[in-house]
Structure formats: C-alpha cells, structure tokens
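Number of protein chains: 2
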Amino acid sequence: MYREGTIRTYLDDAASGKPAPGGGSVSALAAALAASMGEMVANFTAGRKKYTAVEEQVRAALSGLTGCRADLLELMDADVEAYGAVSAAYAMPRETNEQKQARKAATDVALRGAMQVPLRIMRRCAQVGAAAERLAAVGNPNLITDAGVSAILAEAACAAARLNVEVNLKFLADAALSAETVAEMDALTARTQAAREAVSRAVAAHLGGKA
Amino acid sequence: MYREGTIRTYLDDAASGKPAPGGGSVSALAAALAASMGEMVANFTAGRKKYTAVEEQVRAALSGLTGCRADLLELMDADVEAYGAVSAAYAMPRETNEQKQARKAATDVALRGAMQVPLRIMRRCAQVGAAAERLAAVGNPNLITDAGVSAILAEAACAAARLNVEVNLKFLADAALSAETVAEMDALTARTQAAREAVSRAVAAHLGGKA
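Chains as they are written, first to last, in my numbering: chain A, 35 to 245; chain B, 35 to 245.
Next comes chain A alone, as it looks inside the complex (with noise of 0.2 Å):
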C-alpha cells in the first residue's frame, strides 16, 4: 500500500513507465493535502479563547477533514487497484463468443469499479472545500493563507479526478449512467470552484488587495 510508503517511492513509481499509480491515484493524494491545510487552520484555532464563539464548527469542520483525509488517503491505493483489475479484464481471452461475452460482462463491472473511485474522489474534494470555506471565514486568520492553499488544491484535485470519472465513462458507452453522472459531477465541479473563489476573495481581502 503506497499510503504506508514514502513519498518518493509513490513519486517515483507514479512517474514511471509503469500503468499506476495514475491521474486518479495523484488526484486523491493531492486532495488529502488539501485536507490536511484545512486541518491545520483548525488546529490553530480550536481550544484558543479568541475562537471560543466558533470552537463548535471548528471542531465539526476539523473531524470531518480527518475523515476525508483518512479517506482519500485509501482512495489514492484504491484507484490502483482499480485500475489493475480493469487491465486484468481486458487481458482475459477472446477467442470464442463466450470469452467475448464474458470479458465484456468482467470489463464492465471493472470500468464501473474505476469510474466510481475517481467520482469519490470528487465528493470527498467537495467536502474539503465547504470546510476550507468556513475555516476562511471563522479560523484563526493568521493562517487565511493555508485555508486559500486547501481550497485550491480541492478545486484542483476535483478537476483532475474528474478526468478519470470521464475517460471510464467514454469506455461504459451506458447513457443512463453518463448523465446521472455527468450532474453529480458538476455539482461537485461547481460546489469546489466556488469554495476557492470565496476563500481567494477572503485572503486577497485579509493581504490588502494583492492576491
């Protein structure tokens, strides 16, 4: 499991010429960062007599982002073994009609398995979002820089992820599915697209215009 390794290790096999860890895997790596700065601000606000008036949601949004990052941190071994098993159908036998009925039955459980890690993914950046936002407003604003870093890197980390949600999708060719996905996925796009433009406005506020 990468997420017991080091990072170099994960950087290093991630850049090689070997199939995983992909797009998906880095996606949910670089989110949990991003849940990790949102928790910092809360750690730097919780328990201070300052922030007593809002130590309920800071707390709230603190074991929320500990979660997430626990999440996303299996997540980013998820997506490889994802991926291993979407290579492992389409290497099956497709000799007889049989085989090719059964490696399209196998490879299309595999691409839905693959397309549903990257989709958790997303919903996981959604929520780091919605917390950095708060943290933005009601955190300790001597750390409103590392709030702006979490933001951005949930909105990043959703668009990548989103990535891989669409090229799994284009192989399902299952209509039903694409749209209903395709919603979700922009809800989630538009929910960390706001959260980091809200949080950029609070630190450009906060640096007096320059950012």
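Treat the hints loosely; a few may be bogus.
Because identical chains share one entry, a pair is satisfied inside a single copy or across any pair of copies.
Computed list of lysine-lysine pairs in BS3-like fashion (alpha-carbon distance at most 27 Å, straight line) [to be verified]:
(1) LYS84 with LYS204
(2) LYS83 with LYS52
(3) LYS134 with LYS83
(4) LYS83 with LYS138
FYI, nobody ran anything at the bench for these hints, they're computed from the structure.
Using the hints, position chain B against chain A.
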C-alpha cells in the same frame, strides 16, 4: 527531511498544530505530483516507434520534468526550514534599541528567504505546465488525462505558492521588490493558467466533448 520520509508522517505533520509544513511546502509537493504525471506521459511515449518523430522533444520534456520534480522535493523541505528561520528571527530579544535593530535586520533577511522559496516553486510550476501542454499535444493520447492532471495541478500549485509569496511580501513592505515580484508572479500565473486551459481543451476533444 520530509522528502525521505513517509506520506503519512508528512500529512500528519502538515495537518497538526505544528507551524510547518504549511502551505508553501504543500504547494511544492502538489507541484511534484504534477511533474510526475508529465513524466508518466513521456515515459509511455518515448522509445515507441509510433512517436519517433517527436522522440527528441519528449525526451527533453521528460528530463526537464525529472529535474523539476527533484527541485520541488527540495523546496518542500526548504520551505519548512525558511519558516523556521523566520520564527527564530521573530523570537530575538527586542528590549534595547540595538536589539530592535538587530531583530529587524534578521527578520528582513529571513522574510526575503522565505519569499524566495514559494517563488521558486512557482517558476517550476510554469515549467511543468508548459511541459504538460507539449505532452498533451504530441504525447501518447492514451495518457492524455494524465497530462490533464499534470496541467491542472501545476496551475493550482502555482496559485497556492503565490499566496505564500504574497504573505511574506506583505510583511517586507518593500515597494520596489514587491512590484518586481508581482510582475513575475503575474507572468508565471498566466503561463500555468494558459497551460491548464489548453490541456483541458485537448482532453475534452479527446473524450468527445464530455469534459
């Protein structure tokens, strides 16, 4: 050095109530992830018969990206060190006028150093974005979504690093340095945004307009 450590330790420390790693360091790692995805595309292109016409530029992009990734991993740690230097300078005594002057001089030097790290991250992001754009145009189209992930993360890491330049610039209050730095940052930001847009268009065309 975090770059020799595990993913989990880095994320745990980033999320914690420790002052570093913060947003600058995290931006560097996000940019290193972007570089690794460009390298992956290049590694699935270089050395293949189908792409001999672009072999030279793909190899050049690959070697540039590998260099960027190594630099970015160093910058991930350099940002933590630069933050430590700023904190140490602020912790200097300030009772006598001489002490105040020495402290002012030390914080000034430390802040200039702390500003340089995210600025160097931004420069690498611009290189990574440009390489992703080239690879999306000439590389193996089976990996075009990975080029997309590279360009998206390069743009986001650049924007995230920028916040960490700006927060240091604010404390420096040096108008000449500020103007020069803002002009360079604007150019780097525009470069990464243009790359993200160009690659996103190329990916959307490849996926049949679904992106």
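These are the hints, each one checked on the structure:
1. LYS84 with LYS204: between (51 Å within a copy, 24 Å between copies)
2. LYS83 with LYS52: Classified as between; 19 Å across copies, 51 Å inside a copy.
3. LYS134 with LYS83: Intra 67 Å, inter 30 Å, cutoff 27 Å: neither.
4. LYS83 with LYS138: neither (61 Å within a copy, 30 Å between copies)
When the structure is compared with the earlier hints, violations turn up for hints 3 and 4 and for no others.
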